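Protein chains in written order, with this note's numbering: chain A, 3 to 432; chain B, 3 to 432; chain C, 3 to 432.
Just so you know, the hints here were simulated from the structure itself, not pulled from any lab data. Since this is a predicted model, take the numbers as computed values, not measurements. Misleading hints may appear alongside valid ones.
Derived pair list, reagent style EDC-like, types lysine to aspartate or glutamate, alpha-carbon separation capped at 20 Å [as the list claims (entries may be wrong)]:
hint, chain 1, residue 1, chain 2, residue 2
1, A, Lys24, B, Asp256
2, B, Lys76, C, Asp256
3, C, Lys24, A, Asp213
4, A, Lys76, B, Asp213
5, C, Lys76, A, Asp256
6, B, Lys24, C, Asp213
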Amino acid sequence: MRVNVFMQIGFVSAESGQGRAKNVRNILLKNSVNIMLCAICWWAVGYAFAYGKTAGGLLGISHFFSDGETFDSKPWFFTWTFCLSAVTIASGCLAERTHLFVYPVYTAVVSIVVHPVVAHWVWGKDSWLNSRVGSPCRFLDFAGGAVVHIVGGLTGLIGAILCGPRMGRFEDGVQKDIPGHDVSSVSLGSLMLWFGWFGFNCGSTYIYMSDGGPAASSAVSRVALNMTLCASAAGMTSLVLASLLSGGSAGTFDLGVCCNGLMAGLSASTANVGFITPWASCITGTLAGLLYVASSRLLVRLGIDDPLDSSAIHCGSGLLGVVISGFLARPSYVRSMVDKNCGGLVYGMNGGTQLGMQLLGKYCRISGRNGFGGKRGGRVMTLWGGLRRWVKSDPWGSYVVRRLLVTIAWTALWSILAFSTLKRFQLLRV
Amino acid sequence: MRVNVFMQIGFVSAESGQGRAKNVRNILLKNSVNIMLCAICWWAVGYAFAYGKTAGGLLGISHFFSDGETFDSKPWFFTWTFCLSAVTIASGCLAERTHLFVYPVYTAVVSIVVHPVVAHWVWGKDSWLNSRVGSPCRFLDFAGGAVVHIVGGLTGLIGAILCGPRMGRFEDGVQKDIPGHDVSSVSLGSLMLWFGWFGFNCGSTYIYMSDGGPAASSAVSRVALNMTLCASAAGMTSLVLASLLSGGSAGTFDLGVCCNGLMAGLSASTANVGFITPWASCITGTLAGLLYVASSRLLVRLGIDDPLDSSAIHCGSGLLGVVISGFLARPSYVRSMVDKNCGGLVYGMNGGTQLGMQLLGKYCRISGRNGFGGKRGGRVMTLWGGLRRWVKSDPWGSYVVRRLLVTIAWTALWSILAFSTLKRFQLLRV
Amino acid sequence: MRVNVFMQIGFVSAESGQGRAKNVRNILLKNSVNIMLCAICWWAVGYAFAYGKTAGGLLGISHFFSDGETFDSKPWFFTWTFCLSAVTIASGCLAERTHLFVYPVYTAVVSIVVHPVVAHWVWGKDSWLNSRVGSPCRFLDFAGGAVVHIVGGLTGLIGAILCGPRMGRFEDGVQKDIPGHDVSSVSLGSLMLWFGWFGFNCGSTYIYMSDGGPAASSAVSRVALNMTLCASAAGMTSLVLASLLSGGSAGTFDLGVCCNGLMAGLSASTANVGFITPWASCITGTLAGLLYVASSRLLVRLGIDDPLDSSAIHCGSGLLGVVISGFLARPSYVRSMVDKNCGGLVYGMNGGTQLGMQLLGKYCRISGRNGFGGKRGGRVMTLWGGLRRWVKSDPWGSYVVRRLLVTIAWTALWSILAFSTLKRFQLLRV
């Protein structure tokens with residue numbers, strides 16, 4: 003539980019290393035204030051909004067200031083580290099050019115409004131999004147691929163766009179790299195993040211399997227294995243791909259790309275790491291590595307300056323991670339964790355209720371009675387059948403897509419609002 | 003348990019960063035030797051003096067060299083990290099000007115004489131301080147606010163005074179700041195300390211609730227929450243206060259003050275974190291932040307050069323933390339941890355035996371029979387009544403004050419003795 | 003379990019600090035690739051070779067790609083960190099002069115061929131080495147003194163020899179020190195290694211005592227205590243010894259030697275830390291400190307350039323650690339861990355089957371029936387009797403020596419093969 007805090011040390015180390023020497027003090031101060039302010043906001047309001055007793059499915063309204071007889075510190079602390087991650091991810095995108103005033107404002111907005119509300123809507127059992135749907139499956143977001151990484155990455159992306167690039171980054175249409183001042187700090191920070199992430203993902207297992215018996219212990223180990231493979235595959239893929247794109251000689255292997263690829267792999271694993279097999283984690287990691295390199299280059303092409311590539315790492319990978327569950331979630335793992343009979347699209351070939359179908363629309367919903375593991379045998383569905391249904395289906399109305407869209411829309415709304423207001427009062431840039 | 007060792011990494015990182023580049027090697031070597039020597043001293047003698055079978059209430063005299071059938075390695079390791087913290091705290095005050103010979107000497111003195119004896123007297127059930135008192139309450143020092151932080155901070159303060167300031171620190175009555183060489187190291191070190199401190203405080207919960215059941219698990223989480231709030235409040239308070247005192251513009255936010263304030267908050271939380279509510283932790287943190295800034299400025303005014311502000315951080319906050327229990331300890335938490343019916347002064351208004359009263363003198367002692375939770379109902383006592391008794395009471399004879407005074411006197415005695423002897427043989431300064 | 007990963011952060015930090023500034027990026031990239039590639043190799047093949055179902059006692063052949071119903075992720079992850087340590091140890095010896103291509107090749111060789119095969123042979127119950135011997139004792143290698151440290155150190159040593167020294171290290175027969183660029187990084191890295199090592203050794207306790215009851219918990223604490231003492235004694239010994247050898251003045255205390263001595267102590271403790279007493283750990287640490295300084299100087303004398311002294315630290319200490327069990331293993335600890343009646347040579351004086359005898363040859367083998375703790379009383383054997391048998395015995399045929407020789411021979415064979423091949427194709431040096 004407490005090891006999640008270690009992620010922050012990794013974040014701070016990686017971020018300060020990627021900044022220029024003149025900005026180190028500023029970056030460190032900003033990150034320290036982020037942590038402290040986020041703790042106070044989450045204690046005062048955020049936790050209550052997110053995990054308090056729901057008010058009409060819209061918002062939690064109990065446990066403000068850790069109040070109330072039923073308040074339990076354990077989930078408070080664990081969920082705080084989630085909120086803190088979302089806040090810190092975004093901070094990377096704003097490095098080296100924003101007004102000191104920006105940080106406390108966006109920390110407060112993310113930890114009071116954006117993350118808690120999304121967490122309440124997407125994860126809360128009684129929220130308006132979840133209470134009306136009698137679904138045979140659940141929205142599978144293992145440890146916050148959407149609720150943490152998409153929220154953090156998207157907030158940061160919007161902030162980076164509204165802030166504009168650092169001076170000298172895109173001059174006369176030519177992009178110039180602004181190298182960080184301490185590569186050791188970046189590399190060690192990435193490894194520390196990895197270490198802390200074990201706490202984040204492995205610890206989340208106990209939310210699903212709270213009895214803590216041998217099954218949970220075995221699931222925790224599977225999570226650790228999957229994360230390791232996903233991160234390794236992503237780091238290797240992005241290292242090799244970026245090198246090939248730059249000519250392929252030995253000198254083109256870029257440590258920064260490797261570290262960022264590793265983190266993209268970890269982000270991508272977050273949403274699905276408990277639901278998929280090691281093989282699937284390797285595939286996820288490879289895709290995350292490709293996606294990271296592609297989105298990093300896309301940002302540069304679009305003239306968006308994200309000093310740490312945080313939005314490329316977290317936003318895209320978070321989305322990838324959620325989507326991958328729809329294809330690769332193994333029914334037996336899903337059942338053991340969320341007690342639902344559903345699985346990924348590829349398991350459709352040997353029967354089972356389809357999470358892939360869930361992703362693809364309401365027409366594909368299949369009742370649990372016929373589902374995987376049912377005593378009367380599963381309903382056989384070919385991959386072809388699944389794809390045909392995809393075409394016919396209504397993605398906008400589907401179970402998962404609706405949750406993703408709500409997350410994205412709410413995050414975008416508040417990010418734009420907050421950063422525009424700051425810009426209006428000329429408090430956005432130094 | 004082992005995570006406490008991580009505090010040392012934080013200490014070393016913070017201390018080496020605050021030193022000048024030319025002294026880094028020296029600081030690192032000193033800290034390494036501190037750790038190794040303290041381990042050997044604690045194994046050979048320290049643990050036996052502190053936690054061995056008492057000899058007349060004065061000193062433990064069993065388990066030298068981890069000897070004896072009843073020796074258990076578990077408390078050895080845990081208590082070693084306490085002793086190590088006391089040693090390391092003091093080392094910060096002596097940085098950058100002392101003879102290399104000083105470190106092993108004071109490490110041996112603190113880990114053989116000062117800390118073990120105080121631990122035996124204050125924490126030992128059969129010590130002369132505790133055996134004679136039939137008190138309805140106990141001296142509440144959750145994880146060593148007095149026994150670690152006051153001991154460490156005071157030893158360091160006395161060392162800093164006897165050593166005199168670094169060259170160039172106070173020239174012609176003008177104080178000049180001597181900035182550290184690596185601000186990243188300081189900031190990361192502080193966060194690492196925070197991380198390690200979770201082990202220190204959360205782990206201490208199991209000393210009070212050794213069954214390790216759900217109640218203990220819930221208490222551990224409350225400790226983590228309280229620490230987080232206390233540290234955050236202290237860091238924010240000292241950051242803002244120091245900035246206001248320096249003019250209040252954006253440029254006056256000082257990362258170093260923020261890191262030190264954070265640590266002051268952690269020190270202040272150590273003595274009481276298991277006994278108080280999150281609200282009380284916020285208040286404690288705010289006070290610790292104020293106290294740190296004030297005592298840091300006082301040291302400068304007095305011409306005492308403490309390169310890391312260790313004494314300002316640990317000594318004052320340690321004292322604050324112990325005292326705060328007397329006012330804010332919640333009776334139900336105290337009962338669940340030490341099985342005594344007592345609480346802080348503010349809970350006097352709705353009944354209960356008063357730890358605040360304990361702090362304030364023997365006249366206020368109230369028998370457990372009438373105490374909080376007694377079946378015949380608690381004795382109602384107004385805050386006013388408590389304060390009136392304070393005036394009438396004899397603080398010198400009181401339960402808590404006696405322990406604090408013994409701690410301070412013993413620590414001061416040996417510190418003065420050790421450093422004076424070193425000075426006498428011209429081994430104190432380079 | 004996951005804390006073992008932290009060792010990698012320590013390794014990376016220590017290694018990058020000991021390199022020159024111009025090589026930091028290279029060192030960091032290499033280490034990152036090591037970790038990622040080792041994870042993939044271990045998942046695909048290594049784990050199957052090492053811990054899969056044996057094929058004729060030669061090689062494991064199940065659980066490739068984490069396949070199979072009986073595959074358990076928990077041992078996978080734990081054993082992966084063992085393999086990773088072996089890989090990383092060797093990487094230190096090759097720093098600053100090898101071709102970028104060397105790292106992935108030797109990572110693959112060590113994590114697919116060298117370490118898994120040795121682990122299967124030495125630790126596997128059905129391996130050809132273990133199945134034929136009806137021994138009253140077991141080869142005592144607590145957490146991989148042979149299987150990790152000798153393998154890693156020896157691979158590195160052979161690599162360092164075949165690579166040749168860095169330019170300027172031994173010019174005209176004069177050795178010149180090439181100082182690292184960041185001493186903080188080295189010192190903090192060593193402490194981080196120490197911290198991670200607690201996970202490594204303490205976690206290994208649960209392999210022997212898998213019920214996890216109070217006996218295991220107490221053994222874990224003893225392991226932590228022993229490690230602490232062994233590391234402290236080794237660090238102090240090497241610090242003082244190296245200073246004495248260099249003249250003995252205050253300026254000759256060398257932080258690097260202290261850090262390396264500490265690590266040598268940790269390496270030496272790895273093989274025996276669960277089987278010996280704190281006193282024995284102190285002795286082991288002292289010997290490890292002496293041995294490190296001696297072997298470091300021997301390497302220089304021989305003109306072998308090991309930039310991090312990794313082979314001096316790990317190879318010699320690994321061997322020392324295994325041998326020390328034969329002399330100092332306490333029978334009651336051995337029995338509680340491996341359920342065999344045997345102990346070290348020094349316990350021969352008060353009776354017991356002798357592990358020392360095991361080390362010293364087959365003539366000394368004593369059946370368990372007469373052994374320590376047998377109901378009909380232990381067989382009394384004087385130290386003198388043990389030594390007399392040593393002279394008469396055939397060390398080459400002995401139980402332990404055979405395992406050590408197999409480990410060394412197999413490691414040497416493949417290391418020479420791999421590095422020679424790379425050299426042949428001029429891919430070894432930059």
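Each hint tested on the structure:
no. : hint                   : result
1   : Lys24(A) <-> Asp256(B) : holds, 15 Å
2   : Lys76(B) <-> Asp256(C) : violated, 33 Å
3   : Lys24(C) <-> Asp213(A) : violated, 52 Å
4   : Lys76(A) <-> Asp213(B) : holds, 18 Å
5   : Lys76(C) <-> Asp256(A) : violated, 33 Å
6   : Lys24(B) <-> Asp213(C) : violated, 52 Å
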